[in-house]
Structure formats: C-alpha cells, structure tokens
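From first to last, the protein sequence lines are chains A and B.
Count along the first sequence starting at 1, add 146, and that's the number in this note's numbering.
Count along the second sequence starting at 1, add 579, and that's the number in this note's numbering.
Treat the hints with care, since some could be wrong.
Unchecked claim - Just a few of them, taken from the derived set where beta-carbon distance is under 8 Å, the chain A residues facing chain B:
{"hint": "1", "residue": "187"}
{"hint": "2", "residue": "188"}
{"hint": "3", "residue": "210"}
{"hint": "4", "residue": "236"}
{"hint": "5", "residue": "253"}
What the hints assert, rightly or not - Below, a list of computed lysine-lysine pairs in the DSSO-like style, where the Cα atoms sit at most 27 Å apart:
{"hint": "6", "chain 1": "B", "residue 1": "633", "chain 2": "B", "residue 2": "584"}
{"hint": "7", "chain 1": "A", "residue 1": "155", "chain 2": "B", "residue 2": "616"}
{"hint": "8", "chain 1": "B", "residue 1": "650", "chain 2": "B", "residue 2": "635"}
{"hint": "9", "chain 1": "B", "residue 1": "584", "chain 2": "A", "residue 2": "203"}
{"hint": "10", "chain 1": "A", "residue 1": "203", "chain 2": "B", "residue 2": "681"}
{"hint": "11", "chain 1": "B", "residue 1": "650", "chain 2": "B", "residue 2": "633"}
{"hint": "12", "chain 1": "B", "residue 1": "635", "chain 2": "A", "residue 2": "203"}
{"hint": "13", "chain 1": "B", "residue 1": "616", "chain 2": "B", "residue 2": "633"}
{"hint": "14", "chain 1": "A", "residue 1": "155", "chain 2": "B", "residue 2": "681"}
{"hint": "15", "chain 1": "B", "residue 1": "633", "chain 2": "A", "residue 2": "203"}
{"hint": "16", "chain 1": "B", "residue 1": "650", "chain 2": "A", "residue 2": "190"}
{"hint": "17", "chain 1": "B", "residue 1": "584", "chain 2": "B", "residue 2": "681"}
{"hint": "18", "chain 1": "A", "residue 1": "190", "chain 2": "B", "residue 2": "681"}
{"hint": "19", "chain 1": "B", "residue 1": "616", "chain 2": "B", "residue 2": "584"}
{"hint": "20", "chain 1": "A", "residue 1": "190", "chain 2": "B", "residue 2": "584"}
{"hint": "21", "chain 1": "B", "residue 1": "681", "chain 2": "B", "residue 2": "633"}
{"hint": "22", "chain 1": "B", "residue 1": "650", "chain 2": "A", "residue 2": "155"}
Unchecked claim - Residues of chain B clear of chain A, computed beta-carbon distances all greater than 12 Å:
{"hint": "23", "residue": "601"}
{"hint": "24", "residue": "605"}
{"hint": "25", "residue": "626"}
{"hint": "26", "residue": "628"}
{"hint": "27", "residue": "635"}
{"hint": "28", "residue": "639"}
{"hint": "29", "residue": "640"}
{"hint": "30", "residue": "642"}
{"hint": "31", "residue": "660"}
{"hint": "32", "residue": "662"}
{"hint": "33", "residue": "666"}
{"hint": "34", "residue": "691"}
By construction, these hints were calculated from the structure, which means they are not laboratory data.
Just so you know, these numbers come straight off a predicted model, no measurement behind them.
Glycine residues also receive a C-beta, built at the ideal position from the N, C-alpha and C atoms.
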Amino acid sequence: NAGVTQTPKFRILKIGQSMTLQCTQDMNHNYMYWYRQDPGMGLKLIYYSVGAGITDKGEVPNGYNVSRSTTEDFPLRLELAAPSQTSVYFCASSYSTRGLANQPQHFGDGTRLSIL
Amino acid sequence: DQQVKQNSPSLSVQEGRISILNCDYTNSMFDYFLWYKKYPAEGPTFLISISSIKDKNEDGRFTVFLNKSAKHLSLHIVPSQPGDSAVYFCAASGAGGTSYGKLTFGQGTILTVHP
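For reference, chain B alone in the conformation it holds in the complex:
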C-alpha cells in the first residue's frame, strides 16, 4: 500500500529549462510535505517543505506546489543546472502532535540535467 507515489522513475531536462517533479499521496491525514535530494553514496538532504495550510512555497530556484483536493504536489526547479542531477524523494508526515515527524517516502525520481 504505497501512500506516497512518484510515478516517474526518471526525468531528463536540458540545462536552463524547468524541471517538474510530481508526487501523489493517498492519506488525507498527511499535513506536511517535504522534498529531499540524494546524491549517490550520501544521505538524503532536505530541500524544501510545505504545510497543508499553504499551496505554494518558494526557496530560490525551488518551488513546491500543493493541491490538497487532488492530493498532489510538485517540485519546480527553475532554471535547472547540471548540479541538480540527483534522486529526488517526496515525503509526507501526519499531524504533528501524534506523528512524531515520521516520514512516508515516495520511490524517488532520478533527475538528469544535461549541459
């Protein structure tokens, strides 16, 4: 029972263009969503997050959009750079008081940015 799904295993983008990574979830109790970036042989690194009370959060080149009615979130990277090439994981957490920050992860999307 995959509660967080990233349906695209991989994405290839030209340098300077926009990268859009998608994530769907099924559990309506999730109220906090995060994106992590992972390079080979390293641990995941936090990128950006969004609370369910918002529909958009920006941090530099990275923007996360949340559509609660569709149970869908996306990560936009503009402009994409070769250094952005990595595996991107979407993660979700439930209500803060009882979830203790436990994360449910998607399967990951491999992003390749070509020079």
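Pulled out of the complex, with its shape left as it was, chain A reads as follows:
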C-alpha cells in the first residue's frame, strides 16, 4: 500500500542546474498537488492538477513547471535552480467529485532539496 511516493528523498544542486522531482500515487486520485515548506513556515502550494492534462498555478509557481500526462504521475521541474528554491517539497493527492468536493489530501514523505 504505497500511497504517494516521492523520489529522490534528498538532493543537492548547484545554482543553474535543473532537475525533476518525481511523484506518483497508486490510489487513483484525480487531484494532485505540489507544496514547498520552508523552515518555520507552513506548506505553500506551487502547482496543482485536477486530472490528466490539466494543471494550474498555485501560490508560488515561479521557477517551476509541471506536467500531468497520466493519473498516477505529477513531476515537478526546476529549470534553473536558485538558492531561494532550497526547501522541502511535498507532493499530495486527493479524490474529489462533484458531490464529494472536500476530501483530505494524502502526502508523500517529501524531497529535501538544497541549492548551493
């Protein structure tokens, strides 16, 4: 019973490098989300997706890109890493329908990213 799986767990990048944070869920959830958590702060929404082929910006999207080609996968791309993107990144998923709009999100264990 894997739930939401994120890889890698840790990564150190140099300024200007690029990388993709992977997220996959096996619960057949239609909604998926990416958050970042900075020290002493709550989680902030980067991007979200309500289904395959549909993505939209959250509160802090600058410097990131996403895609959703399948229901299961929702990768997050950093094109030009900057020190301000040093953070812990969490992927989450939930299942929602017209009659069941508010459902708790299930989170992965996070990717700790340092940019030096």
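Using the hints provided, position chain B relative to the given structure of chain A.
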C-alpha cells in the same frame, strides 16, 4: 498575507492532560478546515476535519471546534500521549466547486507531550 495563522510556535503538555492547539483565519470564503500531524522526515498525515456547517467534530481522542464568527478553530487532544508529540498544522480550503481542494496552511505548532 497570512490567511491561516497558528500563533503558538510550541506547546508543552504533561501526559494524560489536555492539549489545545489554536488556529485563526482571515478569509471568510474558507469553508473546510483540517488538522494535519507531521513527524520529522515524514509527510503530513491527515488527522481530523470540519466543515463550516458544523461547530464540532470528534474522532476518538481528537476534537476540533470551529467558531465561524471569531474565525477561529481549535484542536483538543484528550488525553495527550507521548506519541502525540509532533508538529500540528491547521489548513483551510475554500468552496469545494472552485477551490479544487487547494489548502492554505498555518505555520505549525510543535507539540511536546512529556511522560
């Protein structure tokens, strides 16, 4: 602009006593509220939620109270156990049809339960 605030960074409680964690919000469009628990090196885990049509929801040792007029919610844990020691996040979501479940989180409160 912090729409969800947890003003207590930390709380220390004796085992067996009640833990009360507080959360305030400013956005009147929020209508669904959740509490998440987070252990180090793990993702947040859903604990309990409440819809704005209710003022109380219970699940075992956990009760969430919502005061809409004050834009305030609280989480009560009775009795507190050492295993409850974790960071607790309050989160809020807007009207279901347009919010797509997007959550706005508070900063978190570190709860320590002493044996």
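These are the hints, each one checked on the structure:
1. Nearest Cβ of chain B to the Cβ of residue 187 of chain A: about 6 Å, under the 8 Å cut. The hint holds.
2. Against a cut-off of 8 Å between C-beta atoms, the interface hint on residue 188 of chain A holds, since the closest Cβ of chain B lies about 3 Å away.
3. Taking 8 Å as the C-beta cut-off, the interface hint given for residue 210 of chain A is violated, the closest approach to chain B being about 16 Å.
4. Annotation: residue 236 of chain A was flagged as interfacial toward chain B, and the flag holds, the nearest CB pair being 6 Å apart, inside 8 Å.
5. Evaluation of the residue 253 of chain A hint against chain B yields a held restraint, the C-beta minimum of about 3 Å falling below 8 Å.
6. Note on residue 633 of chain B and residue 584 of chain B: the hinted pairing holds, with a Cα-Cα distance of about 21 Å set against a maximum of 27 Å.
7. About 20 Å separates the Cα atoms of residue 155 of chain A and residue 616 of chain B, which keeps this hinted pair within 27 Å; it holds.
8. For the hint pairing residue 650 of chain B with residue 635 of chain B, the CA-to-CA distance comes to about 14 Å; that is within 27 Å, so the pair holds.
9. Between residue 584 of chain B and residue 203 of chain A the CA atoms are separated by roughly 23 Å; this keeps the pair inside 27 Å, and the hint holds.
10. Using a Cα cut-off of 27 Å, the hinted pair residue 203 of chain A and residue 681 of chain B holds, with the two alpha carbons roughly 11 Å apart.
11. This hinted pair checks out: residue 650 of chain B and residue 633 of chain B have alpha carbons roughly 13 Å apart, not beyond 27 Å.
12. For the suggested pair residue 635 of chain B and residue 203 of chain A, the alpha carbons sit about 33 Å apart, so the restraint of at most 27 Å is broken.
13. Restraint check: the Cα-Cα separation between residue 616 of chain B and residue 633 of chain B comes to about 22 Å, which is no more than 27 Å; the hinted pair holds.
14. Distance check on the hinted pair: residue 155 of chain A and residue 681 of chain B sit about 24 Å apart at the alpha-carbon level, within 27 Å; holds.
15. With a C-alpha separation of about 31 Å, the suggested pairing of residue 633 of chain B with residue 203 of chain A is violated against the 27 Å cut-off.
16. The straight-line distance between the Cα atoms of residue 650 of chain B and residue 190 of chain A is roughly 21 Å, inside the 27 Å bound, and the hint therefore holds.
17. Taking the CA atoms of residue 584 of chain B and residue 681 of chain B, the gap is about 17 Å. The hint holds against a cut of 27 Å.
18. Restraint check: the Cα-Cα separation between residue 190 of chain A and residue 681 of chain B comes to about 10 Å, which is no more than 27 Å; the hinted pair holds.
19. At roughly 16 Å between alpha-carbon atoms, residue 616 of chain B and residue 584 of chain B fall within 27 Å of each other, so this suggested pair holds.
20. Between residue 190 of chain A and residue 584 of chain B, the direct Cα distance comes to roughly 13 Å. Compliance with the 27 Å bound is thereby established for this hinted pair.
21. A threshold of 27 Å between alpha carbons decides the hint, and for residue 681 of chain B with residue 633 of chain B the separation of about 20 Å falls inside it, so the pair holds.
22. At roughly 37 Å between alpha-carbon atoms, residue 650 of chain B and residue 155 of chain A are farther apart than 27 Å, so this suggested pair is violated.
23. Here residue 601 of chain B stays apart from chain A, with its beta-carbon at least about 15 Å from theirs, past the 12 Å limit.
24. With a closest Cβ-Cβ approach of about 14 Å to chain A, residue 605 of chain B is found to remain outside the 12 Å limit, as its non-interface label requires.
25. The claim that residue 626 of chain B lies off the interface is violated: its Cβ sits roughly 9 Å from the closest Cβ of chain A, which falls inside the 12 Å cut-off.
26. Taking the minimum C-beta to C-beta distance to chain A, about 6 Å, the non-interface status of residue 628 of chain B is violated against the 12 Å cut.
27. Distance check for residue 635 of chain B against chain A: the nearest CB is about 17 Å away, which clears 12 Å, and the non-interface claim stands.
28. With a minimum CB-CB distance of about 16 Å to chain A, residue 639 of chain B clears the 12 Å threshold, and the non-interface call stands.
29. No beta-carbon of chain A comes within 12 Å of the beta-carbon of residue 640 of chain B; the shortest separation is about 18 Å.
30. Distance check for residue 642 of chain B against chain A: the nearest CB is about 17 Å away, which clears 12 Å, and the non-interface claim stands.
31. The Cβ of residue 660 of chain B sits about 22 Å from the closest Cβ of chain A, beyond the 12 Å cut-off, so the non-interface label holds.
32. Listed as outside the interface, residue 662 of chain B is consistent with that label: its C-beta sits roughly 18 Å from the nearest C-beta of chain A, beyond the 12 Å cut-off.
33. Not every CB of chain A lies more than 12 Å from the CB of residue 666 of chain B, the least distance being 10 Å, so the non-interface label is violated.
34. No Cβ of chain A approaches the Cβ of residue 691 of chain B within 12 Å, the least distance being about 16 Å, so the stated non-interface status holds.
Consistency note: the structure conflicts with the earlier hints numbered 3, 12, 15, 22, 25, 26, 33.
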